[in-house]
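Chains as they are written, first to last, in my numbering: chain A, 1 to 712; chain B, 1 to 712.
Any given hint might turn out to be false.
As the list claims (entries may be wrong) - Think about it this way: if two alpha-carbon atoms lie no more than 20 angstroms apart in a straight line, the pair counts; the simulated SDA-like pairs of lysine to any residue are:
hint: 1; chain 1: B; residue 1: Lys471; chain 2: A; residue 2: Arg563
hint: 2; chain 1: A; residue 1: Lys137; chain 2: A; residue 2: Pro246
hint: 3; chain 1: A; residue 1: Lys448; chain 2: B; residue 2: Val515
hint: 4; chain 1: A; residue 1: Lys294; chain 2: B; residue 2: Pro547
hint: 5; chain 1: B; residue 1: Lys596; chain 2: A; residue 2: Gly414
hint: 6; chain 1: A; residue 1: Lys596; chain 2: B; residue 2: Arg267
hint: 7; chain 1: A; residue 1: Lys271; chain 2: B; residue 2: Ile513
hint: 8; chain 1: B; residue 1: Lys514; chain 2: A; residue 2: Pro584
hint: 9; chain 1: A; residue 1: Lys533; chain 2: B; residue 2: Arg470
hint: 10; chain 1: A; residue 1: Lys137; chain 2: A; residue 2: Arg46
hint: 11; chain 1: B; residue 1: Lys271; chain 2: A; residue 2: Lys596
hint: 12; chain 1: A; residue 1: Lys471; chain 2: B; residue 2: Leu415
hint: 13; chain 1: B; residue 1: Lys471; chain 2: A; residue 2: Leu567
hint: 14; chain 1: B; residue 1: Lys596; chain 2: A; residue 2: Arg563
hint: 15; chain 1: B; residue 1: Lys471; chain 2: A; residue 2: His524
hint: 16; chain 1: A; residue 1: Lys286; chain 2: A; residue 2: Gln76
hint: 17; chain 1: B; residue 1: Lys201; chain 2: A; residue 2: His524
hint: 18; chain 1: A; residue 1: Lys471; chain 2: B; residue 2: Val270
hint: 19; chain 1: A; residue 1: Lys471; chain 2: B; residue 2: Ile513
hint: 20; chain 1: B; residue 1: Lys520; chain 2: A; residue 2: Lys596
hint: 21; chain 1: B; residue 1: Lys448; chain 2: A; residue 2: Leu455
hint: 22; chain 1: B; residue 1: Lys514; chain 2: A; residue 2: Val469
hint: 23; chain 1: A; residue 1: Lys106; chain 2: A; residue 2: Ala148
hint: 24; chain 1: A; residue 1: Lys596; chain 2: B; residue 2: Pro547
hint: 25; chain 1: A; residue 1: Lys520; chain 2: B; residue 2: Lys271
Keep in mind that the hints were calculated from the coordinates and are not lab data.
Model, not experiment: these values are computed from the prediction.
Protein chains: 2
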Amino acid sequence: TSSAVAKGVSMPWKTRTSHPLDPLSATEIKVAVATVRAAGATPEERDSMRFIEVVLVEPEKHVIAMADAYFFPPFQPSLLPRVKGRPVIPSKLPPRQARLIVYSKKSNETSIWVVEFLEIHATTRGGHHRGKVISSKVIPDVQPPMDAVEYAECEAVVKDYPPFREAMKRRGIEDMDLVMVDAWCVGYHSEADAPRRRLAKPLIFCRTESDCPMENGYARPVEGIHVLVDMQNMVLIEFEDKKFVPLPPADPLRNYTPGETRGGVDRSDVKPLLIIQPEGPSFRVKGHYVEWQKWSFRIGFTPREGLVIHSVAYVDGSRGHRSVAQRLSFVEMVVPYGDPNEPHYRKNAFDAGEDGLGKNAHSLKKGCDCLGYIKYFDSHFTNFTGGVETIENCVCLHEEDHGMLWKHQDWRTGLAEVRRSRRLTVSFICTVANYEYGFYWHFYQDGKIEAEVRLTGILSVGALLPGEVRKYGTTIAPGLYAPVHQHFFVARMDMAVDCKPGEALNQVVELNIKVEEPGKDNVHNNAFYAEEKVLKSELQAMRDCSPLTARHWIVRNTRTVNRTGQLTGYKLVPGSNCLPLAGPEAKFLRRAAFLKHNLWVTPYAHNEMFPGGEFPNQNPRAGEGLGSWVKQNRSLEEADVVLWYVFGLTHIPRLEDWPVMPVEHLGFMLMPHGFFNCSPAVDVPPNTHESDIKETNGVVAKPVQNGLIAKL
Amino acid sequence: TSSAVAKGVSMPWKTRTSHPLDPLSATEIKVAVATVRAAGATPEERDSMRFIEVVLVEPEKHVIAMADAYFFPPFQPSLLPRVKGRPVIPSKLPPRQARLIVYSKKSNETSIWVVEFLEIHATTRGGHHRGKVISSKVIPDVQPPMDAVEYAECEAVVKDYPPFREAMKRRGIEDMDLVMVDAWCVGYHSEADAPRRRLAKPLIFCRTESDCPMENGYARPVEGIHVLVDMQNMVLIEFEDKKFVPLPPADPLRNYTPGETRGGVDRSDVKPLLIIQPEGPSFRVKGHYVEWQKWSFRIGFTPREGLVIHSVAYVDGSRGHRSVAQRLSFVEMVVPYGDPNEPHYRKNAFDAGEDGLGKNAHSLKKGCDCLGYIKYFDSHFTNFTGGVETIENCVCLHEEDHGMLWKHQDWRTGLAEVRRSRRLTVSFICTVANYEYGFYWHFYQDGKIEAEVRLTGILSVGALLPGEVRKYGTTIAPGLYAPVHQHFFVARMDMAVDCKPGEALNQVVELNIKVEEPGKDNVHNNAFYAEEKVLKSELQAMRDCSPLTARHWIVRNTRTVNRTGQLTGYKLVPGSNCLPLAGPEAKFLRRAAFLKHNLWVTPYAHNEMFPGGEFPNQNPRAGEGLGSWVKQNRSLEEADVVLWYVFGLTHIPRLEDWPVMPVEHLGFMLMPHGFFNCSPAVDVPPNTHESDIKETNGVVAKPVQNGLIAKL
Ligand SMILES: [Co+2]
Ligand SMILES: [Co+2]
């Protein structure tokens with residue numbers, strides 16, 4: 001195929017260097033920003049442009065199919081619908097496009113721009129690129145995500161405000177270097193929060209030492225001061241020292257740096273544990289395309305979602321690359337708090353839509369964040385003023401041993417077959433203010449895909465009056481109080497079970513166990529069975545977990561069967577889960593209607609990406625988001641199915657979560673269910689056991705290449 | 001302390017060689033069997049003795065305290081209750097005892113014997129031991145667990161039975177070497193199953209090739225033949241060729257051996273992954289005593305439960321060894337099937353009480369079952385006729401890297417602290433007929449203890465008539481049918497949160513989230529809070545999981561508080577769970593009343609070990625087991641608390657579970673909740689990251705000792 005393409009077919013630079021799904025390069029971001037800025041009508045307008053987000057416009061699915069058929073691996077022409085006779089080989093791919101969210105500091109207007117990349121000097125590498133504005137429009141009544149620059153400016157402005165200094169002085173603090181001002185989005189609680197103003201309501205904290213950058217400043221919340229900041233004009237518009245709450249005493253257990261720097265002693269008996277892959281990893285990476293153990297997919301990254309997994313397929317013998325999903329990502333999360341008092345009732349952060357999971361990703365370090373042979377991917381973003389910033393080592397790809405894959409020992413002969421499980425893990429970690437979230441997609445040799453969130457970081461705490469106890473949380477240190485809260489995550493899964501890109505041949509079946517009636521066919525009363533029900537339309541497909549009926553959901557291809565004649569499918573198996581514990585009329589639920597069910601299903605629509613709408617801050621935008629889309633009640637009987645799985649945990653803080661919370665795990669599983677004809681893991685080869693490999697110790701004694709070793 | 005003991009205190013051999021909780025040695029088993037056999041009245045009686053189980057009599061808790069205070073690590077005199085003035089140092093520990101379950105092949109009687117070990121030649125090592133019968137009694141109306149010898153004999157008897165051969169011939173099978181007869185316990189479905197006879201109802205399978213010991217014979221179930229075997233006299237007592245069901249065709253996908261031997265091709269791209277601990281493991285083992293990362297415990301093993309974890313404690317700075325639990329194990333499991341037809345309705349195996357999880361444990365292999373630096377423990381058992389058998393490498397102890405332990409990155413400075421999690425894993429794996437179960441206890445650096453079961457092995461399948469489809473299961477290959485079923489496990493946890501052995505100062509608190517009423521103190525309707533309720537007595541403590549209220553249970557010490565004044569505690573956090581799906585009147589539930597709730601709590605009683613009674617087979621024994629004990633409704637307000645956590649999964653077979661099911665994970669967590677004053681993981685030291693350790697590659701280049709390396 002690739003040679004057919006090579007023969008005299010002209011291809012623009014983009015198709016040879018960037019797959020249509022590759023995230024924007026640093027150069028593309030630069031070009032996009034420059035193009036939009038140049039389109040500003042006046043110097044003043046150009047100056048006031050702030051760049052919230054510059055992101056690839058993902059092309060229509062048939063373009064992806066074309067790219068994967070003829071221009072990029074897996075070079076799979078069968079991905080394209082057949083035209084009579086033979087397939088038509090396209091001569092080129094359409095140009096790439098960027099989408100920009102621009103905030104005007106001057107007019108408080110948010111606009112969305114699309115820029116198309118043109119190509120000059122197609123044949124010379126590094127030939128310079130140009131952009132063309134394809135469209136631009138102002139989006140009324142929204143506030144786009146906040147930027148780190150705004151957070152920093154807001155802190156400075158508050159700390160410079162004389163009445164604030166006065167209030168801090170009343171609390172015994174004169175050194176403003178100790179003070180931390182964490183701007184929080186205001187959300188939407190009343191019309192006063194409406195987006196005609198860009199608002200932030202900071203939380204105040206106060207360190208105890210000015211020369212200790214790693215002191216945990218979140219350990220001293222400053223309560224009783226009401227501050228509201230106009231983030232457009234960067235001025236305080238409301239201020240009141242409402243209530244005097246003394247600062248909590250400095251907690252001797254607040255810090256988390258090593259040993260003496262914390263005021264403690266570290267363990268000395270953690271012996272090193274090394275993971276060595278002397279022959280390198282089992283994966284192959286070409287650009288953003290990854291192949292591993294019959295799996296293949298592409299890695300994407302956006303400022304809002306962070307990691308995106310595209311075009312997930314599994315090579316199944318003579319059936320070739322079989323598609324499982326078109327696009328997997330975490331599109332929103334919400335953390336509502338359970339205390340009705342100031343300032344906690346306002347804490348219901350939408351960390352994707354108000355801040356950006358990808359934008360706040362960490363640069364990861366071998367041996368610390370990741371162990372084994374690591375392949376990292378960098379990510380590029382625009383900063384607030386339009387410069388390009390790069391997070392190096394932002395996405396981590398590596399293999400892990402995962403214990404027993406399967407085993408059987410014959411009791412007659414004592415003969416056993418056992419296989420070890422290897423998994424491929426793709427992940428990133430981000431910080432949103434005090435909390436950390438790690439997002440992981442694990443691929444397994446038995447066809448499973450696991451989505452996992454790891455929660456860690458510092459609790460969001462408040463101060464108590466001396467002697468005060470509150471039922472809405474836990475006193476975790478003297479005077480220090482951590483309110484109860486929930487963490488919700490939304491995984492958006494554009495499924496494509498045995499579908500070519502864009503094919504609409506999936507449906508979702510809900511399965512519940514039914515207890516059989518007693519009677520002559522059930523005399524021992526033991527009988528139960530699985531009942532299947534197709535979720536026929538969007539309103540039927542708003543579903544909750546039900547562990548007692550073993551409820552799960554199978555995405556089935558409507559036309560493809562396995563060897564026993566069952567439709568091929570992948571099932572979504574919930575892990576532990578919950579629903580919002582706030583009252584049904586809670587204010588934040590107007591913006592987060594999508595939390596009301598654990599599962600939603602929609603037919604694919606290009607612009608339905610974010611369940612709380614693209615701009616969830618300061619506006620319930622009742623006409624946007626999952627809760628509104630499904631009111632169309634579109635048919636799902638045979639569709640290009642998108643699953644929205646909403647999962648969460650209720651966090652009742654423990655003393656042991658302080659000062660940094662040990663990781664909590666939460667997630668769910670996608671499992672083949674009648675997708676394969678038998679276990680796809682049956683062909684994993686056995687390991688030689690210990691006594692067989694004593695001779696191979698020599699392998700380890702060889703000099704080990706850099707990057708093959710990571711030390712714990 | 002140990003020197004104080006050494007000074008002129010006489011100690012018998014047992015105390016210096018065996019801790020009171022150490023499993024019986026091979027010698028002790030030999031002595032116990034010989035002692036009981038010698039007590040038989042006649043040669044005939046002695047000959048007919050069959051030894052079902054020989055197990056240590058675990059001593060009273062004060063003996064354990066005495067041993068741990070003065071004779072064995074942790075050498076902790078504070079474990080003993082203080083006597084006025086100074087503690088009394090005991091001069092010796094009481095002798096060890098064995099408990100034997102003996103089945104008389106002649107009289108069909110089951111008896112329980114206790115043998116005490118006497119000591120001769122205390123001072124010479126290897127001085128010979130003697131036993132003395134302390135007690136013996138016949139237990140009426142029970143049938144003890146089946147033995148592998150009986151299974152083998154039963155198979156031979158059935159295969160020799162001419163009408164059986166005739167029936168097989170009707171099905172086209174004349175070569176009896178192909179035939180597999182798996183005896184199953186009959187359970188109790190009617191008075192015909194009563195224990196006056198020792199009964200088994202075999203399932204029949206038939207291989208296709210006689211010279212292939214690793215062929216998966218479970219792939220051809222033989223249906224329609226009713227066989228009932230008297231296992232005492234080893235004769236067929238019922239036989240009927242009831243219904244002609246043709247053998248299913250040989251499934252080409254039935255086998256699971258490597259590559260060509262299976263008729264397939266194995267993957268060739270799984271590159272080796274080595275786990276190297278160049279400085280050895282971080283644990284220390286002395287006999288059965290294990291210390292790792294502030295944790296300490298003792299390893300035990302019984303034929304019925306398999307692995308037992310005794311005396312779990314955590315070293316917490318100046319507070320020293322703080323006890324968490326006295327004894328942890330899996331005491332029963334049940335696998336009920338959902339098909340009301342023969343033979344499936346009879347399948348509701350009690351794999352601990354009818355067979356024995358420990359007795360059926362595997363001998364594990366480095367590199368295959370376990371990776372990294374492994375410490376194995378052997379286990380000794382009696383076989384049916386009283387000989388000693390040893391399963392080498394029966395329990396596996398090793399460390400695992402477990403990803404991120406905790407992390408926080410300051411958004412102002414970009415500075416991050418991250419720690420990697422290490423866990424200590426103790427486990428064993430067993431086969432019961434077609435299924436495999438791995439049981440794991442994981443200890444973490446943040447104070448968590450995780451209990452995990454891994455399920456794998458071969459589905460229990462039936463044959464279908466040509467064209468037949470059954471709603472009670474999945475057709476997994478042509479003519480082959482796997483009925484839906486559930487797997488339930490019971491973890492018994494004798495807790496001791498901040499208790500000395502035997503102290504009765506714990507209580508169990510149930511926590512549920514309550515949604516706050518709307519009103520003037522909850523104007524945004526966001527409020528919710530955790531409500532605690534002490535489970536005051538046994539009948540109040542029969543509880544089910546409730547994910548929607550975030551329900552969990554905290555075992556609290558009633559007298560010890562943490563730094564904020566909250567009672568210290570450990571909480572049980574459920575994983576995914578379910579309840580039996582059989583009708584409430586199901587026959588097998590009479591024997592398994594304990595499945596009716598996810599949590600039970602009892603005050604410790606020495607003889608309350610097995611939730612379905614000690615002999616659950618062939619008798620509902622309504623007066624025994626958890627369901628009856630709790631009717632006493634004993635107080636739990638301040639008690640020596642035992643938790644019984646019942647958890648399960650509903651298994652709807654997939655084609656992908658065939659021929660060997662990829663591992664499913666199931667479990668729960670014990671987590672400190674206000675037990676510590678802050679995160680116990682804050683003192684885990686950071687890793688040096690990759691660039692810092694390039695020089696240490698030399699470590700790996702050194703010759704690696706045997707046992708330090710295991711290859712994947
Ligand atoms: Co939390
Ligand atoms: Co099963």
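Here is what the structure says about each hint:
no. : hint                : result
1   : B/Lys471 x A/Arg563 : holds, 18 angstroms
2   : A/Lys137 x A/Pro246 : violated, 49 angstroms
3   : A/Lys448 x B/Val515 : violated, 37 angstroms
4   : A/Lys294 x B/Pro547 : violated, 36 angstroms
5   : B/Lys596 x A/Gly414 : violated, 36 angstroms
6   : A/Lys596 x B/Arg267 : violated, 44 angstroms
7   : A/Lys271 x B/Ile513 : violated, 41 angstroms
8   : B/Lys514 x A/Pro584 : holds, 13 angstroms
9   : A/Lys533 x B/Arg470 : holds, 17 angstroms
10  : A/Lys137 x A/Arg46  : holds, 16 angstroms
11  : B/Lys271 x A/Lys596 : violated, 45 angstroms
12  : A/Lys471 x B/Leu415 : violated, 35 angstroms
13  : B/Lys471 x A/Leu567 : holds, 16 angstroms
14  : B/Lys596 x A/Arg563 : violated, 38 angstroms
15  : B/Lys471 x A/His524 : holds, 17 angstroms
16  : A/Lys286 x A/Gln76  : holds, 16 angstroms
17  : B/Lys201 x A/His524 : holds, 17 angstroms
18  : A/Lys471 x B/Val270 : violated, 53 angstroms
19  : A/Lys471 x B/Ile513 : holds, 11 angstroms
20  : B/Lys520 x A/Lys596 : violated, 24 angstroms
21  : B/Lys448 x A/Leu455 : holds, 16 angstroms
22  : B/Lys514 x A/Val469 : holds, 17 angstroms
23  : A/Lys106 x A/Ala148 : holds, 19 angstroms
24  : A/Lys596 x B/Pro547 : holds, 15 angstroms
25  : A/Lys520 x B/Lys271 : violated, 56 angstroms
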